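This is what each chain is made of:
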Amino acid sequence: AQSVAQPEDQVNVAEGNPLTVKCTYSVSGNPYLFWYVQYPNRGLQFLLKYITGDNLVKGSYGFEAEFNKSQTSFHLKKPSALVSDSALYFCAVRPRGYNKLIFGAGTRLAVHP
Amino acid sequence: GAVVSQHPSRVICKSGTSVKIECRSLDFQATTMFWYRQFPKKSLMLMATSNEGSKATYEQGVEKDKFLINHASLTLSTLTVTSAHPEDSSFYICSARDPGLAGNNEQFFGPGTRLTVL
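Residue numbers (our numbering), protein chains in the order written: chain Z, 1 to 113; chain S, 1001 to 1118.
Chain Z on its own, in the form it takes in the complex (with noise of 0.2 Å):
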């Protein structure tokens, strides 16, 4: 079966220190790959997405993205977090041919000042 993993729970970091936010896929193909933040009581906000072409995506609000291949992996990271990027983050993976999204279970994300 598809699925996306969020290994973590939570991740808590200390502002200023690097953040990973990790994320494993099991789809067939090349699948699209999204990573999406969510705070209370709001709806999904889009942070980047890679489609194909390098490795590296940067995405909004400084964030960006790993994807490997070989270890099907897409992990989230910013070099410096803030307090205000705690928040719930979602993965999100699109089977190329196919209409819908797989989300991974969310990370809660807490940056302490």
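The set of hints was computed from the structure by calculation and includes no laboratory data.
Keep in mind the model is a prediction, meaning the values are calculated, not measured.
Hints should not be assumed to be uniformly reliable.
Some but not every residue of chain Z turned toward chain S, in silico, with C-beta under 8 Å [to be verified]:
hint, residue
1, 49
2, 58
3, 60
4, 101
5, 103
From the three backbone atoms N, C-alpha and C, an ideal C-beta is built for every residue, glycine too.
Following the hints, position chain S against chain Z.
Leaving out everything else, chain S in the frame of chain Z:
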């Protein structure tokens, strides 16, 4: 960027009543919209894919007669929760794809609707 709105943002209703939630694409035409349900501190569960001018495609385990979806125009899809019960209380989120965007890869999400059934 593409904007998707939802109305209402929050609704409280009595058990046994029906509630309609609207999802609108504000600056693009969406032939396909998606309805998700999110439980507290949980991921999004796709309920159905709404297709303009045709019947919605429901995911396994989602009751078609319970969650009625109508995609009457290229900018509006509605989700009606019929005979709502407390277990239907949840955060409902819609999304839409903009077929006019190159690559057509991205879904744009609405802000969500918090449904509370008493």
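Hints, verified against the model:
1. Using the Cβ-Cβ criterion of 8 Å, the hint placing residue 49 of chain Z at the interface with chain S is satisfied: the shortest such distance is roughly 6 Å.
2. At a threshold of 8 Å, the smallest CB-CB gap from residue 58 of chain Z to chain S is about 16 Å, leaving the interface hint violated.
3. About 10 Å separates the beta-carbon of residue 60 of chain Z from the nearest beta-carbon of chain S, more than 8 Å, and the hint is not met.
4. Residue-level restraint check for residue 101 of chain Z holds (minimum Cβ-Cβ distance to chain S is 6 Å; threshold 8 Å).
5. Satisfaction of the interface hint for residue 103 of chain Z is found here, the shortest Cβ-Cβ separation to chain S being roughly 5 Å, below the 8 Å cut-off.
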